[in-house]
Amino acid sequence: MPIPIKDDEIDIVIGALHSDLTTFMDAWRPIFSRFHLIIVKDPDLKEELRIPEGFNLDVYKKLDIDHVVGTSTSIIFSGYSCRYFGYLVSRKKYIVSVDDDCLPAKDNKGFLVDAVAQHITNLTTPATPFFFNTLYDPFTEGADFVRGYPFSLRSGVTCALSCGLWHNLADYDAPTQALKPEERNSRYVDAVLTVPARTLMPISGINIAFNRDAVGPALLPCLRLAGEGKFRWETMEDIWSGMCVKVICDHLGLGVKTGIPYVWRNDRGDAIASLRKEWEGVKMMEDVVPFFQSLRLPQEATTAEDCVVEVANAVNEKLGPKDPMFARAAKAMLDWVKLWKSVGVSSYSPGA
Amino acid sequence: MVEPATATQAAAPAVPQLKDELDIVIPTIRNLDFLEMWRPFFQPYHLIIVQDGDPSKTIKVPDGFDYQLYNRNDINRILGPKASCISFKDSACRCFGYLVSKKKYIFTIDDDCFVAKDPSGKAINALEQHIKNLLSPSTPFFFNTLYDPYREGADFVRGYPFSLREGVPTAVSHGLWLNIPDYDAPTQLVKPLERNARYVDAILTIPKGTLFPMCGMNLAFDRELIGPAMYFGLMGDGQPIGRYDDMWAGWCTKVICDHLGLGVKTGLPYIYHSKASNPFVNLRKEYKGIFWQEEIIPFFQQAVLPKDCTTVQKCYIELAKQVKDKLSKVDPYFDKLAEAMVTWIDAWDELNPTGAALPNGKAN
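Protein chains in written order, with this note's numbering: chain W, 1186 to 1537; chain X, 9 to 372.
FYI, nobody ran anything at the bench for these hints, they're computed from the structure.
We put the beta carbon where it would ideally sit given N, CA and C, even for glycine.
Incorrect hints may have been included.
[Stated by the list, open to error] Dumping the calculated DSBU-like pairs for lysine-lysine here, alpha-carbon to alpha-carbon at most 35 Å:
#1 Lys-1231/W / Lys-1291/W
#2 Lys-1365/W / Lys-199/X
#3 Lys-1365/W / Lys-97/X
#4 Lys-322/X / Lys-1291/W
[Claimed, not checked] A partial selection of chain X residues facing chain W, derived with a Cβ cut-off under 7 Å:
#5 Leu-26
#6 Lys-27
#7 Gly-61
#8 Thr-153
#9 Ser-171
#10 Arg-173
#11 Glu-174
#12 Ile-188
#13 Asp-190
#14 Val-208
#15 Pro-215
#16 Pro-221
#17 Met-255
#18 Ile-305
#19 Phe-307
#20 Phe-308
[Stated by the list, open to error] Beyond 10 Å from chain W on every Cβ pair, some chain X residues (computed):
#21 Ile-37
#22 Pro-127
#23 Tyr-155
#24 Pro-189
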């Protein structure tokens, strides 16, 4: 049932926040080795990257990033946002992206999860955002639409984004993890489901895949917390990007799925230490969520680029006055669209 | 291969929760042998059995259960002319049980539903899980990617606003089914051998503004919060449609829950659905519904309830008005249904006088 996809339609984009990627790459080797990889090194990382042999990959470092976008712009690709540079320069239809502190997980039968295959399945089978199916993904083997599901809605829409989950260290914010320092996620929920239209959610950047042709420019490195750091607890860039993507998908009639595949996320960092930094991010969601929930884009916005511009203008108008961080984000979004139009669609290959 | 549980005795809870606050409503036309299987889980609770079909037939209830049985004669006697709103020769008659119950919570189950096993082989106490679902909040305003955040081993994920973490009261707990899935007739005809063997270990809140097909086979709800919306419509004998009773109740319920800020959960618990109904019989019953639902769904999706509808009854009467206004053109059946919806509320208020004006949360 899924559209047969050739390996060369997929790029795997990894943002390297750690210099030694040996364990990471070796663990993912059985799953990644067939594909082309784009590794983007965090421009703030000083040490040389260590990457094992045997992969088909392109590595982009600070010099490359500066060369492509200019030194004044390259600042937006610092930290976790470095992977967006990979999204920018990729020319493939599908992108799969996982954090470099994640390893393959095991499913409920003990088998290694091929996260790439599952993401691609999610992206190449329809999404069903207009009516909830109680047996979850109706296109999975062994499942279907249930009684009462309107037939006219059974062909579904294109799935533009696939959001995976995490075993071990779940993507909690710092206060939550600090309150439950020993809690680890061991539950395997064997389902993928479409997030309904107009329903918003926190889209984590730790384990995602998307259709770059459909929504590429809507994944954007535009909101930076004043105290943003090198732990996911200390960022909100992906959450911001995810709110934009969901609103844009809803507007364009595209689907977003969530659920499997799982990845295994290594223990890292100290939630209590991060508490101070992330408070800003936690507070900001109180304004951000109502804003996006009420956001409606004009009919004339028919491409992802157009939609990003509309969202940026609305952010500037409605959130800008509340905090300069939002005004900066709005400007960054407009700059990002320009960057995407100039770099995102022409051909480029990295320096040595 | 999915199989039902056998050794259920060991799994009975030490203290049956809510045993004086919950009624189990079971519609039946044949027999209640399936109750033997559920005995360790159900015996502490009061059963309301609604006997459909020929009232002269005697339904044997296994010994040791505390129950009240109502047949068609009882329904006619208790409701008088209002009995016209209760379906005959269709399991939709079960909503009579909701009407006469005096408890806060209802669990309803079909008589071909057995105890299922979880992946570890343990028998699932579906009632206990429903109670857990109803007693913990729902989160309809923002989706949590780790599903039920109140569950052991889970929580709200990064980015979930703290102001929304208290959640709202849960009005409905919708359970699922292993083995025979709840497919419509066309799907059953195309895939007669398909069995649901996937145990999805999750409970989640169905987001506000999203409709779903509510199945009445394994369902629990807070009667005080949403009871009057659980009318299962006009089905069966003398009606042009069948197998849309729970669907209709579900769409009305969801619209009203969304309006009043109440939550609807779906997912665990699973039961084991043992009997596949005849797809040809089903096709005849569902036939009109398959066309009508193309009009019904947009109707419910666009339904707006005015701010002054602050109780379930007011919301329901308003919906009935809108059904009459907007759906009668689809078929005169909807005229009858709209009237029956009003009759149902009259019957509800008559049998439940003190509950008539319960403020059920804030209207949006």
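Check: Does Ser-171/X pass the interface hint, meaning its C-beta sits closer than 7 Å to a C-beta of chain W?
Finding: This hint holds: Ser-171/X lies near chain W, its Cβ roughly 6 Å from the closest one there, short of 7 Å.
Notebook entry, point to check: If you take the shortest Cβ to Cβ gap from Ile-305/X to chain W, is it below 7 Å?
Noted result: holds, 5 Å
Notebook entry, point to check: Are the Cα atoms of Lys-1231/W and Lys-1291/W separated by 35 Å or less?
Noted result: holds, 33 Å
Next item on the list: Starting from Lys-1365/W, check that the Cα of Lys-97/X is at most 35 Å away, please.
Entry: Measuring from Cα to Cα gives roughly 54 Å; hence the hint is violated.
Next item on the list: Could you let me know if the closest chain W CB is still more than 10 Å away from the CB of Pro-127/X?
Entry: violated, 7 Å
Next item on the list: Just double-check Ile-37/X for me: nearest Cβ-Cβ distance to chain W has to come out over 10 Å.
Entry: Since the minimum Cβ distance to chain W is about 20 Å, Ile-37/X lies beyond 10 Å and the statement holds.
Check: Does Leu-26/X pass the interface hint, meaning its C-beta sits closer than 7 Å to a C-beta of chain W?
Finding: With a closest approach of 25 Å, the Leu-26/X hint is violated.
Checklist line | Evaluation of the interface hint that places Pro-215/X against chain W, nearest CB under 7 Å | finding: Interface hint status for Pro-215/X: holds (4 Å vs cutoff 7 Å).
Check: Is the Cβ of Pro-189/X more than 10 Å away from each Cβ in chain W?
Finding: violated, 6 Å
Item checked: When the least beta-carbon distance from Gly-61/X to chain W is tested against 7 Å, hint result -> violated, 22 Å
Note to self: Is the interface hint satisfied for Phe-308/X? The criterion is a beta-carbon contact with chain W at less than 7 Å.
What the structure shows: violated, 10 Å
Note to self: Quick check on Phe-307/X please, does its C-beta sit within 7 Å of some C-beta on chain W?
What the structure shows: For Phe-307/X, the interface hint is violated, since the closest Cβ of chain W sits about 12 Å away, which is over 7 Å.
In summary, the structure is inconsistent with hints 2, 3, 4, 5, 6, 7, 10, 11, 12, 19, 20, 22, 23 and 24 from the numbered list given earlier, while agreeing with the others.
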